[in-house]
Structures are given as C-alpha cells and as structure tokens.
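Asks: Sequence:
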Amino acid sequence: MTASPRRPITRGHSSPARRRHGRTAQAGETSVNRSLPHTDIRTGGWIARLPVPLRPYALLARLDRPIGTWLLFLPGMWGILLASGVDARTRLRLIVLFGIGSVVMRSAGCVVNDMWDRDIDRLVARTAGRPLASGALRMRQAALFLAGLLVIGLVILLQLNPLARVLGASSLILVGLYPLAKRFTWWPQLVMGFTFGFGAPLGYAAATGRVDAAWGALYAATILWQLGFDTIYGFQDMEDDARIGVKSTSRLWAGQPRLFVGACYALAVAALLLAGWLAGCGAGFWIAMALPTIALAWQVAQLDSTDPARCLSLFRFNRETGLAIALAILAGLAGQ
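Numbering (UniProt numbering), first residue to last: 1 to 336.
The reader is advised that the hints may include incorrect statements.
Distance ranges between label pairs, derived from CB positions [to be verified]:
1) 84 - 290: 17 to 25 Å
2) 263 - 159: 19 to 27 Å
3) 51 - 297: 39 to 47 Å
4) 266 - 139: 37 to 45 Å
5) 52 - 286: 51 to 59 Å
6) 53 - 100: 31 to 39 Å
7) 88 - 45: 29 to 37 Å
8) 278 - 119: 42 to 50 Å
Rather than coming from a laboratory, the hints here were simulated on the basis of the structure.
If you're wondering where the values come from, they're calculated on a predicted model, not measured in any experiment.
Just so you know, even glycine gets a beta-carbon here, dropped at the ideal spot from N, CA and C.
The whole structure should be built from the sequences, with the hints applied where relevant.
Replies: In structure tokens, the structure reads:
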C-alpha cells in the first residue's frame, strides 16, 4: 500500500473536512471519543537509558511493552504444565526455553508485522511512531535484525524434540501471514489467535512428544481466548482502520462488542475444561478454574469499545488471566 501524504489523525473530534468527506465504515461501528492522541509506545524508562542507536531496535521488537511476550509465553506454559507423565526438571527446562523463545519470536513477529504494515502504520495515530513508520529505521536494518532473531529462535528450537521442531518451523508460515490478513479478511484477529496461540500446542508437544485430543482442545481454547482479547485491543484503532480501509474483527463486531468477546471467552473456558478433562487433571483444576472464569467475565462487564484507554487496560489484564489459568492447570497436576 502506498503511503498517503496525509498525516495520521490524532483521534480527537472529527474535523469539518473529515465530516464532509466521510469514511468507509462497517455497519454498527460506533464513534470513538478521543480528545488526545493515543499510543502505547513507551520511549521512557529503561528504553531511554539505552545507547541511542539501539533504541529504535528495542522499540521495533516491542521490548518497551512486554505484555505481548507474556501473551505468547503463557499458552506455551499451559501446554507444558498440562502434559501428563513429565518430570519436574523437564518441565522447568522447557519453561525456561519457552520464556527465552517467547521474547525472541515475539520480537521477530513484531518486525515482520511492521515491515508489512509500515505504510499503514504511518496513517494510524497509535502506530505512527513505530521505527519503520517514522523512518527511524530502514527496511534493510529491520531485515538484518529479523535474521538475527530467527537464528536465535532456531537455536532454541533445536533444543526441542523432533515433533516440536517440525511444529515450530511450520508456525513461521502463520507469522508471515498474519500481517496480510487485515487486507483480505474481517477476521485478522482469528489469524492472530492461530499464530500467537501456537505456543500451547507447541509446549504440549515439546513435553509429551505427541499430538492428541487434549492438544487440540488446548489449542482451540487458546485461539478463542486470543480472538477475544485481540478484538478488545483492536477497538482502539476502529476510526483509523475505517478511514484507511483496514479490516478487523473489532470493526465487524463494533455494534455488539460484549456479545462477541463474551462468546469467545465462554467458548475458551469450555475448551480449557475439555482439555483438562482429556488430560486427566485433578480436582484442583476444576476448583481453580473459577478464578480465570471470573476474570474473563469481569473483562466483558467492563468493556467499553469507545474508550481506548480502558480497552488497552483490559487487554493487558489478560496477563493476570493467563497466569490464573496456568495456576489452575498446576493445581490439577496433583490428580494426574
């Protein structure tokens, strides 16, 4: 897509010119109240203490926002914990590998996403400051950085069993496809769920060396969970996305946000319970699952798709929700 000469909108009240020209909107979309520019890029803190040449790379890798790494890592930990017949030392080793791998591959995914979307990002207030969109880095620099990250990812992948290696390598297809999805389908968040949620089946396969029904149920649960929270995240961009013609599940369901997110979360809980049953989790799992279920219901009750700050806060709360799910699976280990 060729970059427009127009500067990114700042998500305030619509200008007369914008009201005059209108926008292409999906039926049911609601107006978003934004009095100030909205972005989640953090250039302060420890990022500001890095050498100046390294700062754009840290921002490109989203190291200023570790929430994405958590949301990639947690499903992998679920898979490792859900696996039966695995000793504690093996689980711990895999959790450490997946923790490092999540930082690396989340960074790689962000680089791929920004390389594809740099022209779109320039037109969206929340993303206009990203290093490629702003010109702080060039495509060649990003490509070399990506190559380095993939080499590190390969080294980590080679520490896993053969099945996990094959699954991990195949996930790169999803990583490449996700940034394109928003151009062709109203369901890019579903593609994101398949991509970001791949850690769950990968962790399970790395721990067990097999693919079975529990593997499938856990993957389905992760996809649905991530479809829900990424739809919440996408509500921040609805105005800009409509203006530049980017499709999203958030725009598609803007008229019924709580219904859609609530359905995703309810089905995710059902799939998690099925995975726990198939894996033979003990009574502790069933009791402890009440906590993440309540957390997910609370998110739906608090959701306001016209409030970007609240949407971002609810999105980030999924770290705590994911940790609660991990604790529930851990509690169920006693009965395996």
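Asks: Determine for every hint whether it applies to the structure shown.
Replies: Tested hints:
For the pair residue 84 and residue 290, the beta carbons lie near 23 Å from each other, so the given range of 17 to 25 Å is met. Look at residue 263 against residue 159: about 38 Å separates their beta carbons, and that is not inside 19 to 27 Å. In this structure, residue 51 and residue 297 meet the distance hint of 39 to 47 Å, their C-beta atoms being roughly 45 Å apart. Hint check: residue 266 to residue 139, Cβ distance near 42 Å, so the stated range 37 to 45 Å holds.
A beta carbon spacing of about 53 Å between residue 52 and residue 286 agrees with the range 51 to 59 Å that was offered as a hint. Taking 31 to 39 Å as the suggested C-beta distance range, the pair residue 53 and residue 100 does not conform, at roughly 24 Å. Between residue 88 and residue 45 the CB atoms are about 35 Å apart, so this pair conforms to the stated range of 29 to 37 Å. For the pair residue 278 and residue 119, the beta carbons lie near 45 Å from each other, so the given range of 42 to 50 Å is met.
In summary, the numbered hints that this structure violates are 2, 6.
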